[in-house]
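Work out the full structure, taking the sequences as your base and the hints as a guide.
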Amino acid sequence: MSSRALRQPFSLRLTSNIFLALWCLIAAFPIFWIVVMSFKSPVDAFDSNALNVIFGPATLGGGKGLSLLDIILGIAVIWVTIVIATKNLPSMVKSYSRPGQEWFGWVIGALVVLVGFLVAFFVILPAILNVLNPWFGPLGRDVLGLTTEHYKTVWIDRGFSNNFKNSLIVTTGVVTVSLTVGTLAGYGLARSGSTLAFWILIVALVFRALPHSVLVAGYLPVFINSAEWLAPILGENAPTLYGKPFAVIAVLVAINQPFTIWMLRSFFQNIPAELDEAARVDGCSHFQAFRRVIMPVMWPGVITTGLFSFLLAYNDFLVTALLLDAQNQTMVPAIVGMFNRETTTTDQVVAVAAAVSITAPLIFLVLIFQRQIVSGLTAGAVKG
Amino acid sequence: MNFRTFAAFVGPSVFMMLLFIAFPLVSVFKQSFYVTQPIYETVEKETCTPGFLTQTCVTEQVSQPMLDDHGEIITQTQFVGLQSYRNVLEPERAWRAISDGSWQVLSTINFWKALRFTLTFTLITLPLVVGCGLGIAILINNAAKTIRGPVIFISLLPFIITPVIGVLSINWLFRGDGILTAMMEWWLNRDIALFAQAWTIELLMMLYRVWHVAPFAAIIFYAGLQTVNQDSLESAVIDGATRWQRLKYIVIPHLMPLIIFVAMIHLMDSYRVFEEIVGFSSQGYVISLQWLTFDYLTPDQAGNRSISRASANSMLTMIGVVILLILPLRRTWRDHKGGH
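Line by line, the protein sequences are chains Y and U.
Residues in the first sequence are numbered consecutively from 1, following the UniProt record's numbering.
Residues in the second sequence are numbered consecutively from 1, following the UniProt record's numbering.
In short, the hints are calculated from the structure, not lab data.
Among these hints, one or two may not hold up.
[Said to hold, decoys possible] Rough simulated footprint, nothing fancy, chain Y against chain U, three-plus residues with beta-carbon under 8 Å:
| hint | segment |
| --- | --- |
| 1 | 6-13 |
| 2 | 145-154 |
| 3 | 169-179 |
| 4 | 190-201 |
| 5 | 271-278 |
Note that the structure is a prediction, hence the values are computed from the model and not measured.
For every residue, glycine included, the Cβ atom is placed at its ideal position computed from N, Cα and C.
Take a look at the structure:
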């Protein structure tokens, strides 16, 4: 498609690619580095020499390490898993699942691959390597310091799993509620050209710009005293909203709503209005048209918007830190707490391990939904 | 679509926004004029210390909060007018500092310090984000088709990462003798402490923000680059335009609406700068407007939250949001008028 006139000289292409590689390095490096740090003993993790951080002599000295054989076999297992997941899984899902229920096949397939990988990587592989390592002489000797003890500390001793559970509750709640409410509103706004619809969108835009702390300043006194002012309505067992996950879900849904309706509206505008007009001519009401004609074709937009709602809820620090009590705390404030409280380097590495634990799901998310994320970003922009 | 159906579709969403966004705004506005305090009473208290022959007894006036029957502190809410605003802005001191021309004194007042940082941060990062985003988009567009997917994947990572965690990961690279600090020390051959003065911390914060937002800008510009008219590029080459001229006269004007969009989003978001302060724990040196509200809302050692100050500070922060939004709103309004 590119014509000869637009072809670039080799030197330009080379420079361009070098700069691109540099950007990729800058983009990935901090994340890569915290992953490396999280597997090292504190002395290594905060060493000023980068090579020491990577190879971890102190970690190795502590008897925790990997031999060349470990590394080769580990990479092989990961590689096989990737090949299975990308090559064999799609065709198997297609052939085994009933038509129309592919998503169910995908869920089962993904679970099987995941469990298989975990068993192979963490149970079978170490057992085999324990036998093999002594046989291979220099190949079987530990060369790379690596320890998973910080992850054990975080998840088991520090009760991070509790924070994880709370995050799960909050994000699931936010995504479901905000999609349900937002889809209806987005559809209504896309199909109505009235001045009222315009004003709702404008006000939503203003709300989008509000600092979240302003809103929290409004909630806090009301939430803390809610048992008092709810008592006339709900009687004795009126809840104190402060510290309750469902209150935070409501708050985050509302904060997310302006963005959600703008985005879903732009998706619905891309679905031709003739589609629901045809359904209306055939005698459907607006709701029937929505349910039978629009719902089957709206999923790409809904999935994309759901991703961004998920990110908002998952990444939030300000609202959850102020409105949840210690018992219901989500992951991000918990990590900040660890980072601020701890002074010894051991505790710092534990915080690093927690940070990596919270980032890993996000990376998988990008891996799976890259196309949807990109289309979501551009959908909002192109409509402007 | 008639009004009733429209209301049924949009109703739940509007209701939530009214209840959880509009109502808190009104209540914050109201709170900023009231102060809730415990009622204090003054009691005479005699404290005695054992001494030789006689005890030494001192009687003093102690003010303590009054308790109700359940042993809870009685509070009362009082209208104080603009007092909370005065507490936040400290107009007399600020005015004196301005007329003396002494920035040092002005920056001891939290609000002005935070305002100064928030504005510099917003204005400095804006051109950097747009520039870097455009650069990366052009680089990706130049690359071979096969590697674009993986490159976009890597580029998305800084954007998708939890902001606080992103800040922390940068922090860990530089803190103390972190590897990048060590590298700079080795290169410049001098001791560097990046967290000992305000300007280096601010620099790191801007660095983080550009790293975090540039991918977002890049993806949007990249999508825009796909729709540049190839024919006009080609005719520009035939007319003898250099690469730079093509970029300046064809590509950038084509991307202009997207550049404005990215700039708007970035202005809104960076005006709310907050996570950087938490992640770098820089409150001793650098603070932002939103962080200040957060700080007022966090309970202090005695467990009190200064809600009215937080409210006053929020209302002052809102003024900036309004100024930010006037221009785009006027434009949308004109488009809307023109469209009908």
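Hints and how they fare:
no., hint, verdict
1, 6-13, "holds (count 6)"
2, 145-154, "holds (count 5)"
3, 169-179, "holds (count 8)"
4, 190-201, "violated (count 0)"
5, 271-278, "holds (count 5)"
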